[in-house]
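Asks: Sequence:
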Amino acid sequence: MVTPTPVLQSLGQILLVGLRLVVFALAGGITLISFQAYQQKQSKRLESAFIGFAFISMGVAVAMLGTYSEANRVLFGVAEVIPFIIGFAMLWRSLYA
Numbered sequence: 001m002v003t004p005t006p007v008l009q010s011l012g013q014i015l016l017v018g019l020r021l022v023v024f025a026l027a028g029g030i031t032l033i034s035f036q037a038y039q040q041k042q043s044k045r046l047e048s049a050f051i052g053f054a055f056i057s058m059g060v061a062v063a064m065l066g067t068y069s070e071a072n073r074v075l076f077g078v079a080e081v082i083p084f085i086i087g088f089a090m091l092w093r094s095l096y097a
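The opening residue of the sequence shown carries number 1 in the working numbering; numbering runs sequentially from there.
To be clear, the hints were calculated from the coordinates, so they are not data collected in a lab. Bear in mind the structure is a predicted one, so any value in this text is a computation, not a measurement. Please note that a few of the clues may not be correct.
Claimed, not checked - Beta-carbon label-pair distances, calculated as ranges: (1) Leu95 to Leu11: 37 to 45 Å; (2) Thr3 to Gly28: 14 to 22 Å; (3) Phe84 to Leu32: 45 to 53 Å; (4) Leu15 to Val78: 36 to 44 Å; (5) Thr3 to Leu32: 41 to 49 Å; (6) Pro4 to Ala79: 26 to 34 Å.
Glycine included, every Cβ here is placed at the ideal spot set by N, Cα and C.
Put together the whole structure using the sequences plus the hints.
Replies: Take a look at the structure:
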């Protein structure tokens, strides 16, 4: 098996951090848009969608933090899954509310 050179590993890590920041920015953007939509039309569906996107954004943020901590990997794994579960449940609720 060929091991990548330190330069390739560094470039890969930089790319990965950049991609994670893009995901975080997109999650934050859609959370902001859903909040603005909820402010304009105070409906239960838009409220649930906003809460769902907010929790998904939190999950993305925790996932980003968890990758930088080698210790407590299981704890970060659980902590990142819970906001995703709540977020997707709220999105599901917003579709059927």
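Asks: Next step is simple, just say for each hint if it's right about the structure.
Replies: Hints versus structure:
no., hint, in the structure
1, Leu95 to Leu11: 37 to 45 Å, "holds, 41 Å"
2, Thr3 to Gly28: 14 to 22 Å, "violated, 36 Å"
3, Phe84 to Leu32: 45 to 53 Å, "violated, 19 Å"
4, Leu15 to Val78: 36 to 44 Å, "violated, 27 Å"
5, Thr3 to Leu32: 41 to 49 Å, "holds, 42 Å"
6, Pro4 to Ala79: 26 to 34 Å, "holds, 30 Å"
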